[in-house]
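Undergrad: First to last, the sequence lines map onto chains A and B.
Counted from 1, the first sequence has number 280 at position 280 by this note's numbering; the numbering is strictly sequential.
Just add 292 to wherever you are in the second sequence, counting from 1, and you've got this note's numbering.
Wrong hints could be hidden among the right ones.
To be verified - The calculated label-pair distances, taken between Cβ atoms and stated as ranges, are: (1) K299(B) - Q110(A): 23 to 33 Å; (2) G17(A) - L517(B): 52 to 62 Å; (3) T172(A) - L307(B): 25 to 35 Å.
What the hints assert, rightly or not - Below, computed lysine-lysine pairings styled on BS3-like, alpha-carbon distance capped at 27 Å: (4) K575(B) - K130(A); (5) K5(A) - K204(A); (6) K154(A) - K117(A); (7) K131(A) - K428(B); (8) K575(B) - K126(A); (9) K154(A) - K204(A); (10) K5(A) - K154(A); (11) K299(B) - K575(B).
Quick caveat, the hints were computed from the structure, so don't treat them as lab data.
Every residue gets a Cβ at the ideal spot worked out from N, C-alpha and C, and that includes glycine.
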Amino acid sequence: MSFLKVESLARRYDKAGPAVFENVDFGIARGEFVCIIGHSGCGKTTILNVLAGLDEASGGHVFMDGREVRGPSLDRGVVFQSHALMPWMTTLANVEFGVRSRWPEWSRAQVGAHSTKYLEMVGLGKALHKKPSELSGGMKQRVGIARAFAIEPKMLLLDEPFGALDALTRGTIQDELLSIVQATHQTVFMITHDVDEAILLADKILLMSNGPQARIAEIVEVTMPRDRTRSSIHHDPQYYRIRNHLVDFLVSRSNDYAGLPASEPLVVRPGLEEDAPIESHPPGAPVVRLVS
Amino acid sequence: MSDTMNKTKPWLAPLLSLLILLVALSAWHLATRPKEAAVIVDPEYAALVGGAAATGAKSAFPGPADVGAKLWEHIKDPFYDRGTNDKGLGIQIGYSIARVMAGYLLAALVAIPLGFAIGMSPLIYRALDPYIQILKPISPLAWMPLALYTIKDSGISAIFVIFICSIWPMLINTAFGVASVRRDWLNVARTLEVSPLRTAFCVILPAAAPTIMTGMRISIGIAWLVIVAAEMLVGGTGIGYFVWNEWNNLSITNIFTAILVIGLVGMLLDTALARLARLVSYKE
Numbered sequence: 001m002s003f004l005k006v007e008s009l010a011r012r013y014d015k016a017g018p019a020v021f022e023n024v025d026f027g028i029a030r031g032e033f034v035c036i037i038g039h040s041g042c043g044k045t046t047i048l049n050v051l052a053g054l055d056e057a058s059g060g061h062v063f064m065d066g067r068e069v070r071g072p073s074l075d076r077g078v079v080f081q082s083h084a085l086m087p088w089m090t091t092l093a094n095v096e097f098g099v100r101s102r103w104p105e106w107s108r109a110q111v112g113a114h115s116t117k118y119l120e121m122v123g124l125g126k127a128l129h130k131k132p133s134e135l136s137g138g139m140k141q142r143v144g145i146a147r148a149f150a151i152e153p154k155m156l157l158l159d160e161p162f163g164a165l166d167a168l169t170r171g172t173i174q175d176e177l178l179s180i181v182q183a184t185h186q187t188v189f190m191i192t193h194d195v196d197e198a199i200l201l202a203d204k205i206l207l208m209s210n211g212p213q214a215r216i217a218e219i220v221e222v223t224m225p226r227d228r229t230r231s232s233i234h235h236d237p238q239y240y241r242i243r244n245h246l247v248d249f250l251v252s253r254s255n256d257y258a259g260l261p262a263s264e265p266l267v268v269r270p271g272l273e274e275d276a277p278i279e280s281h282p283p284g285a286p287v288v289r290l291v292s
Numbered sequence: 293m294s295d296t297m298n299k300t301k302p303w304l305a306p307l308l309s310l311l312i313l314l315v316a317l318s319a320w321h322l323a324t325r326p327k328e329a330a331v332i333v334d335p336e337y338a339a340l341v342g343g344a345a346a347t348g349a350k351s352a353f354p355g356p357a358d359v360g361a362k363l364w365e366h367i368k369d370p371f372y373d374r375g376t377n378d379k380g381l382g383i384q385i386g387y388s389i390a391r392v393m394a395g396y397l398l399a400a401l402v403a404i405p406l407g408f409a410i411g412m413s414p415l416i417y418r419a420l421d422p423y424i425q426i427l428k429p430i431s432p433l434a435w436m437p438l439a440l441y442t443i444k445d446s447g448i449s450a451i452f453v454i455f456i457c458s459i460w461p462m463l464i465n466t467a468f469g470v471a472s473v474r475r476d477w478l479n480v481a482r483t484l485e486v487s488p489l490r491t492a493f494c495v496i497l498p499a500a501a502p503t504i505m506t507g508m509r510i511s512i513g514i515a516w517l518v519i520v521a522a523e524m525l526v527g528g529t530g531i532g533y534f535v536w537n538e539w540n541n542l543s544i545t546n547i548f549t550a551i552l553v554i555g556l557v558g559m560l561l562d563t564a565l566a567r568l569a570r571l572v573s574y575k576e
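Pulled out of the complex, with its shape left as it was, chain B reads as follows (with noise of 0.2 Å):
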């Protein structure tokens, strides 16, 4: 009924979310709006901190329409760059994503080589099995001070937690997708004699990627989780180390805007992997 629904009105769901958006921005409107007190307070005190702020009448915690104005003010002016502590949120952006993509690329190189030896040989699988279950449920900011202390770089240390991080979807996924790999597919490669070589390009890979790609997905979506916690920790640069530095001058406006953007490029992350996995998708 849903589905037909769906089909005759298509505008339905775009009205709604636009409805709940615009209940959702009315009301943190009204709670954060300026208060009318007359609250009589020490002047010297009120040029100090701000007038506002002084009389208790406007709090810290921005409005949508603060939140929009310095939104609009880091999209015009996005790669500005004024000192280690204030670079444009475009930048930031910018690092934060090479970082990522190191360490998401690095694990991908290690993880789905390694998952297809696990796959294809029961031998390895239970070999590396209990590394891999100690291995995976650890915090990869556990890492970080091992990394700090060994590789003594903040910045590869970063590359380093999202690499661990992502690594163990990618891997258990392809090692999951390499070992079911339908046996008739493999009998068929087997009697027209094909090469291991190309029985692995051409038969297994191509089986098994759907699967490897839901890895890549989930571990690009753990990667971006991590990548705001490594950065706060390691600092210099990156969307994380903006977080904190704002929070450290209490700008709670750019936390929102940070927040929103961290947010955007996720969804953009998840999106271009989903469409990759859809190029590799095939149906039975």
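So that you can see chain A by itself, here it is in the shape it has in the complex (with noise of 0.2 Å):
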């Protein structure tokens, strides 16, 4: 049974249009990482803000742990895209705001360690008395990650936390938190326009169809080993099917879906397919399985 459960989401802006995205069903497992990748407008940061319970859902429900979701909860943390920090607080007492919240029976020095720690965790042992306008886009992103890791929730929710950030930080940023999830085995669902980040840290990658009423069209299950690494991970042979599977959605799929009727999302495993050319699977055509 997944950790997560989300069934039949749907939101829409009036009663009589049509839904920004609708029959929106997916799980995710515990210690699970979930990447979903769509072009803007299908709402997936409107996912992410009801998984978080910052916004309800016109339709539909979402589960956590065998308990509906409702309402914002320490139990899942979220990565903000804008970071989100509170400028008039250093870097750690940011971090312990949210410290102190989770416990507040920790005593201060209690929650500073622990703060503290998390901040190390990201590279920034040495920034803990810095305000966030002393520091680079990458160096508040790593802050904002610390909050979300520090209150040590159930399930992290990430809002495409990179995508103001230049390449090379990101890649960086991106190692850190492989590492730190590898070693913590947290729960995480993203949002990405990266296809190469999203190969890089996800166990599944949820694929939405255009809007409007968009939806999960395909769950692509990325195959190759957990132990992946930035600098190796372009030599699996693996890795440029399911990167081609992506970058085909993206460019043609997407859109072609946008016209179909409902139906259960495809889970493929282009990763484990002979370079099979992606022409012969149209969509609608069962691939691998049809999810049960």
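Put the two chains together into one complex; each comes in its own frame, and the hints tell you how they fit.
TA: Dropping the structure here:
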């Protein structure tokens, strides 16, 4: 049974008009890293906000750990796209703010030590007393990640956390995130626009068709071994098969799905296919198996 | 270009200020210098109004030296008290500052919590907005008769006028600051399950503090403007009463001195608030 279960989630802005997205169903197992990819406007951020409890869907349900999600909770840590650090607090105070809320009975020293540990984990041990304005974009996002990890949530939600970073910084932080997640077996749901980032980090990639009436059209299982590194991943023959599959989806298939009636998402494992031409798998035709 | 000039010659601006002062003082001095005139007047009239005034050689308008001497006199002995109409400038200024502070702090006590409520709740905002829009443009002195009639005590009436004039900028700025706190910060607090009270004090208040402080700075400026006029009306004590009293005495020198002191105190109040504002400001 899935740790997080999303059932026929839908969102419409007016009752008569078409939904932004509908029939969104998926599950995330404990310890699984799931990325969601889709064009702008298909409702990815709304889905994440619904999972976080910050937004409400027009229909459908979200269950985590057997309980329905109603409102925000310390069980789900969120890393915001715009880092959302409080500019009047130091790096340490920003992390402590959440830690104090998670464990109100802790002493000041305990809160400080716990927060420092997580800031050191993202390589910011030397910037504890700096204000966010004194940090680079990458460092700010690291603080955001430390803040989310420090409350030790059951699940982490990342809204395109590296979107605003340059390629080099992004690579370094991806590595850090990868090692932290591998060490902590954190359950993660992440929005990204970066195909390579998704392949590097995810166990499962959800592909959303274009809106309106967007839905999860395909679920790509990343079948490469879990101990991936950014420097070696592109030597794996599976890598380009998965990558081509994702890019083809974004370029053409995401649009083809738009007109089709809703159906169960296809579960595909392009990494294990022997270089079969993608064209032989038109939308609607089962590739490996339907989700059961 | 002007920036580089300021960096290489930091003394240039103060020097220019000094030059402007000297030019202004000289012009003032020349304009008020006693004229050499030989007008023959009735000696009894001369004895009555003073020789210089009788000949028209010396006008009642003082020169810079007269004002300087008077100012020095006041500075040497600011706190003398020789009856109702003859108190030291320090005492008068003290009364005015005390009234301004009382009215201003009362206004802050009302405006900041109320502004918080208005900023947090669109419902309260829409409900109170018409009243604020009508009450805000009313000259604070228009309240004076009403205050005197209902409160009866003239001193408290003056404080009420300060209260009513300094409440609006603080109220409006607090509401605006609170309403425009970044959604992201509030969402962070929500996902961390921070209690509403802690969110108000640890997120909304610091986030809105610079805007609130701007309102407080505008308010203290207005309060200091209004206190002079208010004290002219209620009389008794205060720098405004002092100015009016010296007008009745036709002592332009004292009026000049008071004007100078009013300006200086106003500047000090503004500087103090600016310092406080810098303490709570943050860089994004």
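Undergrad: Against each hint, give a clear statement of whether it holds in the structure.
TA: For each hint, the structure was consulted:
Remark: the range hint 23 to 33 Å for K299(B) to Q110(A) is contradicted by a beta-carbon distance near 49 Å. The hint said 52 to 62 Å for the Cβ distance between G17(A) and L517(B), and at roughly 55 Å that hint holds. Checked against the hint of 25 to 35 Å, the C-beta distance between T172(A) and L307(B) comes to roughly 53 Å, which is inconsistent with it. Among the hinted pairs, K575(B) with K130(A) is consistent with the structure: their alpha-carbon atoms are about 12 Å apart, no more than 27 Å.
The hinted pair formed by K5(A) and K204(A) meets the criterion: a straight-line CA distance of about 15 Å does not exceed 27 Å. Pair hint K154(A) plus K117(A) holds up; C-alpha atoms about 19 Å apart against a cutoff of 27 Å. For the suggested pair K131(A) and K428(B), the alpha carbons sit about 38 Å apart, so the restraint of at most 27 Å is broken. Restraint check: the Cα-Cα separation between K575(B) and K126(A) comes to about 20 Å, which is no more than 27 Å; the hinted pair holds.
Taking the CA atoms of K154(A) and K204(A), the gap is about 18 Å. The hint holds against a cut of 27 Å. At most 27 Å may separate the alpha-carbon atoms for a hinted pair to count; K5(A) and K154(A) meet this at roughly 14 Å. For the proposed pair K299(B) and K575(B), the alpha carbon gap of about 24 Å is at most 27 Å, so the pair holds.
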